[in-house]
Every structure is written in C-alpha cells, then in structure tokens.
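**Q** Residues per chain, in single letters:
2 protein chains.
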Amino acid sequence: MEGAKGEFHHLVLAKFKDEITLDQIDELIKGYANLVNLIPSMKTFHWATNISTENVNGGYTHIFDATFDSAKGIEEYVQHPAHIEFGALMATALDQILVIAYKPTLVNL
Amino acid sequence: MEGAKGEFHHLVLAKFKDEITLDQIDELIKGYANLVNLIPSMKTFHWATNISTENVNGGYTHIFDATFDSAKGIEEYVQHPAHIEFGALMATALDQILVIAYKPTLVNL
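Quick mapping for you: the protein sequence lines, in order, are chains D and L.
Here my numbering is used: the first residue of the first sequence is 1, the next is one more, and so on.
Here my numbering is used: the first residue of the second sequence is 1001, the next is one more, and so on.
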C-alpha cells in the first residue's frame, strides 16, 4: 500500500443482513473477487473482517479492497456492467455500505 | 497491501469540522505521522482524501492508514499514551470518525 506505487484503492465497508449466512457471504466474496477477471482496470481484490476493538466501527464488519492504477480505472470499474450487476446482487445482502476511494500518500517524518 | 505480507491496517475515516483550516489539517497529519516515531509497533502512515464519485462515502472526506505487523501491535498502538494524547487532540477537530482494523486477504480466482 505504498503511495509511491501509484496504487488507487476502492474500499467498501459493509454490514451484511442478519439472515445472510457465512456460505452466502463466501459466495459473494468469490463473485466480488471474480470481477478482477471481468474488468480490466481492476488489479487486485482483498477482503477482511473488522478486528478493531475501539467500538467506533459504525457497525461495519467487512472490508473489500479493490486496487487500480488510476482514478480513471476506478471510474471504468464503477461503470462497468459486470460491477453494476454484481453490485445490485451484493446490495440485496447488505444492511449498510460505505464506499471510499483514495490514493494513499506515505508520510515519513 | 498484499495479504501475504501479514500487514495489519488501522484505518480511520474522518470528517473535519467546517471551521478547521487546511493548515490545521496539515498540522494534524504531521502529528499523526509522527506517531510512527513514538510508537514502536506502528510501521507506516499514509493519508488520503476521498475521491469516490459514488456518493455513498457517509460524509467522510479523509483516510488515515497506519500499518502494523500484528493485531497485538494495533492494541499496543491504541493503548499507547502518545496515541491517546494525539487522539484527544484529533477528536477536537472532527465532526465524524470511523475506525476499522483488518488484515487483508488476497483472493485471486
């Protein structure tokens, strides 16, 4: 996640509906990860669960991080039919979603 | 940001109060970055502004990303007096804050 690498992140914070099972979450993660194979500008996909103990996570439990080489690449991803189709499916499983995109800048004092 | 590197992230999403100036934000970013020099478990510090155009950013405009080698390292950071002191200062400048911590897992189908 070095700023020097010019990496852009599209980060989704999510909270699944209570009735969504771990198997269903696993299938959604595979569908999300498969977007790398469908959308040329999407370079990598990572996911994680929140482990913060500070209790200011806003209810979000899952993190999905897609990387790109440029802000334009993020726009291409957002507008790509494969993303729109997957996003609509994902939305049916979620109680909460928050999306940020950014290019991290390293500060080394 | 490879999962294989065993990197743990402590990610803060923030919205500054309207009256906080860019100079004040710059000073706070320097103070945040300086924690790397004060807290042994904190390895790197990156910051960014949100560039998502999807309008589901929850009002958050800034991203602060600190990395660690372990979940224990995050706990040491959270409880470190230098973090507590800086966090109290930062809190006075913020309208909104959200904190998540995670170890990203790469999925490559």
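Honestly, the hints are just simulated from the structure, not real lab data.
For each residue, glycine too, the CB sits at the ideal point set by N, CA and C.
Misleading hints may appear alongside valid ones.
Ranges between beta-carbon positions, derived for each pair [what the hints assert, rightly or not]:
1. 1096(L) / 49(D): 19 to 29 angstroms
2. 91(D) / 1088(L): 32 to 42 angstroms
3. 75(D) / 1026(L): 21 to 31 angstroms
4. 1031(L) / 38(D): 35 to 45 angstroms
5. 71(D) / 1079(L): 18 to 28 angstroms
**Q** Give a verdict on every hint.
**A** We went through each hint and held it up to the structure:
1. As the Cβ distance of residue 1096(L) to residue 49(D) is approximately 22 angstroms, the hint placing it in 19 to 29 angstroms holds.
2. Between residue 91(D) and residue 1088(L) the beta carbon distance is about 38 angstroms. The supplied range of 32 to 42 angstroms therefore holds.
3. A hinted range of 21 to 31 angstroms for the beta carbons of residue 75(D) and residue 1026(L) is consistent with their spacing of about 28 angstroms.
4. The hinted range of 35 to 45 angstroms is satisfied by residue 1031(L) and residue 38(D), whose Cβ atoms lie roughly 42 angstroms apart.
5. Distance hint check: the CB atoms of residue 71(D) and residue 1079(L) are about 37 angstroms apart, inconsistent with the given range 18 to 28 angstroms.
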